[in-house]
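Student: Each chain is listed here by its residues.
2 protein chains.
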Amino acid sequence: MTSDSTGRLDDVALTFETRLLEVLAQQRERSRSFPAPYTQLWESLERMARGGKKIRPRLLVDAYQALGGIDERAAVDAACAMELLHIALVIHDDVIDKDLMRRGEMNISGRFASEAMLRGTSRRDANAWGEASSILAGDLMLTLAHSLLARLDIPNGQRQSVLDIFDATVFESAAGEHYDVWLSMHLEPTNPQDVLAMVDQKTAAYSFQAPLVLAAVLAGATTSLIEELTIIARQIGVIYQLRDDVLGLFGDERDTGKSALSDLREGKETLLIAYARSDPAWREVESLFGDDALSVADGHRLRGVIEESGALVFVESLITERCEKVYELVQEASLPTALRELLTTSTTACNSRIS
Amino acid sequence: MTSDSTGRLDDVALTFETRLLEVLAQQRERSRSFPAPYTQLWESLERMARGGKKIRPRLLVDAYQALGGIDERAAVDAACAMELLHIALVIHDDVIDKDLMRRGEMNISGRFASEAMLRGTSRRDANAWGEASSILAGDLMLTLAHSLLARLDIPNGQRQSVLDIFDATVFESAAGEHYDVWLSMHLEPTNPQDVLAMVDQKTAAYSFQAPLVLAAVLAGATTSLIEELTIIARQIGVIYQLRDDVLGLFGDERDTGKSALSDLREGKETLLIAYARSDPAWREVESLFGDDALSVADGHRLRGVIEESGALVFVESLITERCEKVYELVQEASLPTALRELLTTSTTACNSRIS
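If you're matching them up, the sequences are chains A and B in order.
Under my numbering, the first residue of the first sequence carries the number 97, and numbering increases by one thereafter.
Under my numbering, the first residue of the second sequence carries the number 97, and numbering increases by one thereafter.
Careful, some of the hints might be misleading.
Which copy? The list can't say, so a pair holds if one copy fits it or any two copies do.
[To be verified] Think about it this way: if two alpha-carbon atoms lie no more than 30 Å apart in a straight line, the pair counts; the simulated DSS-like pairs of lysine-lysine are: (1) Lys194 x Lys364; (2) Lys194 x Lys421; (3) Lys194 x Lys354; (4) Lys149 x Lys364; (5) Lys354 x Lys150; (6) Lys364 x Lys421; (7) Lys149 x Lys354.
Hints listed in this document are in silico derivations from the structure and should not be mistaken for laboratory results.
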């Protein structure tokens, strides 16, 4: 096993991807004693697991090593569980948003629905089949994540802590997702604080806090270090999501792999929107927001109003401010040098990413 | 603790219901630090947990005691996990079937959607909100079920077996549900064997096999007893589901709490339908099957053709045959008397129930 200058053990990162595919391949093989569409579902899940940025499991493994952890197997399985949870949430999120595409290609709903249509099913039945496949796929990924953590071969007390963290993460992510859909209905006036709270629950909890805190618990870190990490993780998570919102509206579609109209059509209540609402010009374009047949020209007009309102400058300043805050917290916290470097690099990457 | 003549400890049955509500109340209280709709979601889950027939947890607790088990706490928590899994599957099943009602009242989707509509949301947004609430509610129930089992305070080896059984149960139930939706699309000719296999996977696995086998593992039963129980459980599960299908079409709506049109409108591929398809008269009414605007009169006509085809007599004979088979297996198996009585009584109850 070799380590590069950041202290990251490349072989372990390799092990994590190998292990994830191994776990899924086992399930795919088990599915062969059931009807063929079920095996196709597992094959789709394997395809999904091969893609993606793997931010959460990488962060967990890297942080674990930066903290001097030595039980590779436990860290790798916990990393796989985080990726499986991510896949589960993404799949169910797509059902909730009625999306048939993800990362520029058809998702499970889209693939199963279009195959059924090619075989002559009505669009309605085909969509119901796609949706059923996705709902079950998400349940299976969630089950597999729980399963890996419940079987970690570590002391009982430590495993209890891992389970507590994971359960709290699912609980909070569901709360954030529920609130996100609620806000999108615009039944009450939304203020930027509500949107920031939602982002914090929906994304920061499972994407940054859980991987970092799980790494710390597995590496046997002190309670005070875990508390410091928690605060830092939440800040990074919000930076990540705010950058995501900006890219969703103003990013290059070739990089993001996602239409710059989709968040607008969906009526996604981001901080950009919550800010733009306070501008008198918003009234004129409000009816376009959430219109699922929004044209390219109207999308352009809507983005213009959002930018003119100062929302983009506001969110960019907030991102910069949060980054500075993280750099400061990282310097002040009593962390090993390797972890300090990891957190700083991760924060910069969350801010400067283009996809 | 007192025991009645069947050997059932009533206090434990009480403990199971108390424990289930205690677990859910804890989550509801935790949800108070999140926006109000999330707490409403948990309150809806508590309401669901108060209702229902509690077949699975009762079976687990009763079988555990019949096998001489003495660790109440473990049995009660495993029983709660089975009920939570059932609630999760029911909620996601309703989303898949686009049902807004369950047991004669609005389900979570129906309740959340109608409340949003009363507040002025469009029907489309309100339905999406109801569906999102249900998807997340199912994820939360599934997580809670895993959580209880992963924390069972029993020897590690035994807990591994419990986790193996639970994971296999979710895997198989999802396979059965997936196949059920597949069969409802009628893309290939369906034969009664396919439908029986689906019923076995979708219902027998989690409703009868899992509670009985978990009870046996927790009570420290031998492998051979567990094997005998598995075979018996699957038979009982199929009886239960076949009776369910008959009640769905020919039961009294006042008892079942469900419209006698809903299975027909949904195009639910039951054994009754698979059998009726082979009758030439089926061709004449085929277009009515799966029509979601099916009238009462056409429903009557469809049921008439099904009954005339001999499907009802066929399924009733099959149920009787399976009951005889179970009674025989129960007598032949080396089981404690109390368990023998429990299995016989359960089989009779599955057959003779009217709701």
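Student: Now tell me if each hint is right for this structure.
Tutor: Here's how the hints hold up against the structure:
1. Proximity of Lys194 to Lys364 under the C-alpha cut-off of 30 Å is found in both arrangements, the shortest distances being 13 Å within a copy and 24 Å between copies.
2. Taking identical chains as interchangeable, the C-alpha atoms of Lys194 and Lys421 are never at most 30 Å apart, the minima being 37 Å within one chain and 47 Å between chains.
3. In this assembly of identical chains, Lys194 and Lys354 lie within 30 Å of each other by CA distance both inside one copy and across copies; the values are 15 Å within and 28 Å between.
4. Proximity of Lys149 and Lys364 under a CA criterion of 30 Å is satisfied intra-copy only: 23 Å inside one chain copy versus 40 Å between copies.
5. Taking the shortest Cα distances, Lys354 and Lys150 sit within 30 Å of each other inside one copy (18 Å), while across copies they are farther apart (46 Å).
6. Taking CA atoms no more than 30 Å apart as the test, Lys364 paired with Lys421 passes inside one copy only; the shortest distance there is 27 Å, against 57 Å between copies.
7. Taking the shortest alpha-carbon separations for Lys149 and Lys354, only the intra-copy value of 15 Å comes in at or below 30 Å, while the best inter-copy value is 46 Å.
Checked against the numbered hints above, the structure breaks only hint 2 and satisfies the rest.
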